[in-house]
Amino acid sequence: MSDKDSQDDDSDDSDSLSSGGRSGSSFTTFINSVISGFLRNWGCLRSVHNMLNVPTQSFPAPSSQQRVAPSGLSGRNKVALKPGHSLMDWIRFSKSGKDLTGLRGRLIEVTQAELQKHNTRDDCWTCIRGMVYNVTPYMDYHPGGEEELMKAAGIDGTDLFDKVHRWVNYESMLKECLVGRMATAIKAVIPPPPTGLAPPTSAAPPPPKDSRPRYDWFQTDATVHLVIYAKRKIPSTGCTTADLQAGVLRLEVLLGKMSYMIHLRLADEVEANVAVHTAFSVGKIQISIRKQAKGKWTSLGQPLEFHNTFVLKKDRALYYRDCALVSKTKVNHNTHVFRLQLPRGTVMHVPVGKHVYLKAIQDTEVVRPYTAVDQKLAAASQHSSQESDLYLMIKVYPDGVLTPHLNSLHVGDHIAISGPEGNFSLRPLRDVTYLYLLAAGTGFTPMARLIRLALQDFDTIRQTKLLFFNRQEEDILWRCELDELAADNERFQVEYVLSEPCDSWTGRKGRVDESMLKDFLNRPDGSKCYVCVCGPTAFTELTMGLLKQQGFSDEELHAFQG
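Quick note on our numbering: the sequence shown kicks off at 1 and runs consecutively.
For the record, the hints were derived by calculation from the structure and aren't laboratory data. Treat the hints loosely; a few may be bogus.
Below, a list of computed lysine-lysine pairs in the BS3-like style, where the Cα atoms sit at most 27 Å apart [as the list claims (entries may be wrong)]:
id	residue 1	residue 2
1	K376	K465
2	K151	K284
3	K528	K257
4	K296	K313
5	K284	K314
6	K313	K231
7	K231	K151
8	K257	K284
9	K548	K528
10	K257	K330
11	K151	K98
12	K233	K314
13	K330	K291
14	K257	K231
15	K509	K257
16	K233	K313
17	K257	K296
18	K233	K291
19	K313	K328
20	K257	K294
21	K313	K284
Each pair of labels, with its calculated beta carbon distance range [stated by the list, open to error]:
id	residue 1	residue 2	range
22	W297	R344	43 to 53 Å
23	Q493	A222	30 to 40 Å
24	Q245	C502	28 to 38 Å
25	G526	Q302	31 to 41 Å
26	E500	R290	51 to 61 Å
27	E305	D413	23 to 33 Å
28	G551	S236	29 to 39 Å
29	S515	D483	17 to 27 Å
30	G526	F218	50 to 60 Å
On a predicted model such as this, the values are computed, not experimentally measured, just so you know. The beta-carbon is built from N, C-alpha and C at its ideal position, and this holds for glycine as well.
Construct the complete structure from the given sequences, taking the supplied hints into account.
So, in structure tokens, the structure goes:
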């Protein structure tokens, strides 16, 4: 995306991006054009998708903003658009009533052979998540140029699209270009039905032979309890997100790359609060809810859309809940920590290394990714005393699309927030002895909680070192906290690098390069190293390339993705 509301801007404050510096992709096509996220009037597309019997997906945002990086290091190439071919021009053109599909309003089922026929500049179809679009009219409006768009011509472009920004709302941007659905669209994996929504004779799990989760339930006169059997060990944090609103329970359990969902309209009225209890080692999750009136239910409730489905997380539409601003704390001259409170009835913990998406409606719907931090760098492990509070460190750009709106919020105002996203896993850290963190600008945000976790929960990590890149000294985030932590804990070290230092600066200067990394990274004999990188796309791509040149394998590296 080409906006300045970056979660992970680098030391240049230029138009680069990232909430984790996703590396470049061959399909940055749609991303560049949808900086405004959802359009308000997306209902038309929803109706079309319902008519086609395809679940509506909304993908507002994985990866961060792609802004033009300095020194020609951008991971994508923007082209100069002709006059009258801006984003807003495309929106006006797509609403003009012209036939952009060439099918005079008909929706068709597209075979693989038919899709492959439309692979030229003047006749270009592509498929995203089972839906086929005629992107020919969009060619001249695409900021990345037709060459990038043509990489998905006549083929399924879903994987190329997901490599950069799963969140991008291509549905609203291309809704007038919708040709129809693929004849072989992938359907969700639906587990066998549970023992039934009527009260079971026993709360013990059934003995199915497959590994897909299933659920059961039981009740007392005052409470109802839903039990999920994951059939595997569960991560110690951030596995389950529960939303109970107006009698509707939506429960999502993250199991690696998979997502299991329970979605029910409960049989009777309940209290607004929900309790989640997890037995991590045995893979059991229990959801407890109090009934408003005592008595026995004859059923748990009515199944809703996507109930009891087990799909890849990347194929699960994002879900938003309205959170209230509790406070805004200044970090430096342009960055604040926003403290947001989840609504009553929501239980959500954002795991280390994951991010969420913020969505606001202005002229259009705008979505941006931000990585959760703790209230302080050395915050207590696990949940804080205020489990319903979420902390986001956000840099405010005066001419940004979303951050001026965020900065204008008053205490008590609301903003829509998604559940946790991202592919970071703690598993590789189990045997690591040396952890190196390379961050640029607000690419520091995922590193903040990772530093605390490494020092408190991983005794095997002998040394955690942060190399932190910024433009000027005043841009360094949480510098006092970092210096204090380094002074108090011999297992942590931090070094700062400035690209525009003042004359009195005695630390490292310049930008990331081979010699700097060689000097910073130490690989003692017998050690196991792991390196995490986060920053704008250009920074991340360059740094990851340099690390691989120095002999680090893919298994020893992680680039945070937003």
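Structure-based check of all given hints:
1. The straight-line distance between the Cα atoms of K376 and K465 is roughly 19 Å, inside the 27 Å bound, and the hint therefore holds.
2. Of the pairs offered as hints, the one joining K151 and K284 is violated, with about 44 Å between alpha carbons and a cut-off of 27 Å exceeded.
3. Taking the CA atoms of K528 and K257, the gap is about 25 Å. The hint holds against a cut of 27 Å.
4. Of the pairs offered as hints, the one joining K296 and K313 is violated, with about 35 Å between alpha carbons and a cut-off of 27 Å exceeded.
5. For the given pair, K284 sits about 23 Å from K314 by alpha-carbon distance, which is consistent with the 27 Å threshold.
6. As the CA atoms of K313 and K231 are separated by approximately 18 Å, the hinted pair is consistent with the 27 Å bound.
7. For the suggested pair K231 and K151, the alpha carbons sit about 40 Å apart, so the restraint of at most 27 Å is broken.
8. Distance hint between K257 and K284 is fulfilled; the C-alpha atoms sit about 18 Å from each other, no more than 27 Å.
9. For the given pair, K548 sits about 16 Å from K528 by alpha-carbon distance, which is consistent with the 27 Å threshold.
10. This hinted pair does not check out: K257 and K330 have alpha carbons roughly 36 Å apart, beyond 27 Å.
11. Among the hinted pairs, K151 with K98 is consistent with the structure: their alpha-carbon atoms are about 26 Å apart, no more than 27 Å.
12. The hinted pair formed by K233 and K314 meets the criterion: a straight-line CA distance of about 21 Å does not exceed 27 Å.
13. A hinted pair counts as satisfied when its Cα atoms are at most 27 Å apart, and K330 with K291 does not qualify at roughly 42 Å.
14. Proposed proximity of K257 and K231 is supported: the alpha carbons are some 15 Å apart, at most 27 Å.
15. Note on K509 and K257: the hinted pairing is violated, with a Cα-Cα distance of about 40 Å set against a maximum of 27 Å.
16. Of the pairs offered as hints, the one joining K233 and K313 holds, with about 18 Å between alpha carbons and a cut-off of 27 Å not exceeded.
17. A threshold of 27 Å between alpha carbons decides the hint, and for K257 with K296 the separation of about 37 Å lies outside it, so the pair is violated.
18. This hinted pair does not check out: K233 and K291 have alpha carbons roughly 30 Å apart, beyond 27 Å.
19. Taken as a hint, the K313 and K328 pair is broken in the structure, with Cα atoms around 32 Å apart against an allowance of 27 Å.
20. Our distance criterion of 27 Å between C-alpha atoms is broken by K257 and K294, whose separation comes to about 39 Å.
21. Using a Cα cut-off of 27 Å, the hinted pair K313 and K284 holds, with the two alpha carbons roughly 20 Å apart.
22. Judged by the Cβ atoms, the range 43 to 53 Å given for W297 and R344 is violated: they are separated by roughly 22 Å.
23. Between Q493 and A222 the Cβ separation comes to about 54 Å, which falls outside the hinted range of 30 to 40 Å.
24. Between Q245 and C502, the C-beta spacing of about 52 Å breaks the proposed range 28 to 38 Å.
25. A hinted range of 31 to 41 Å for the beta carbons of G526 and Q302 is inconsistent with their spacing of about 59 Å.
26. Hint check: E500 to R290, Cβ distance near 58 Å, so the stated range 51 to 61 Å holds.
27. A beta carbon spacing of about 30 Å between E305 and D413 agrees with the range 23 to 33 Å that was offered as a hint.
28. In this structure the supplied range 29 to 39 Å holds for G551 paired with S236, their Cβ-Cβ distance being about 32 Å.
29. Distance hint check for S515 and D483: the Cβ-Cβ separation is about 25 Å, which falls inside the suggested range of 17 to 27 Å.
30. Here the CB-CB span from G526 to F218 is close to 52 Å, well matched to the stated 50 to 60 Å.
Violated hints for the displayed structure, listed by number in ascending order: 2, 4, 7, 10, 13, 15, 17, 18, 19, 20, 22, 23, 24 and 25.
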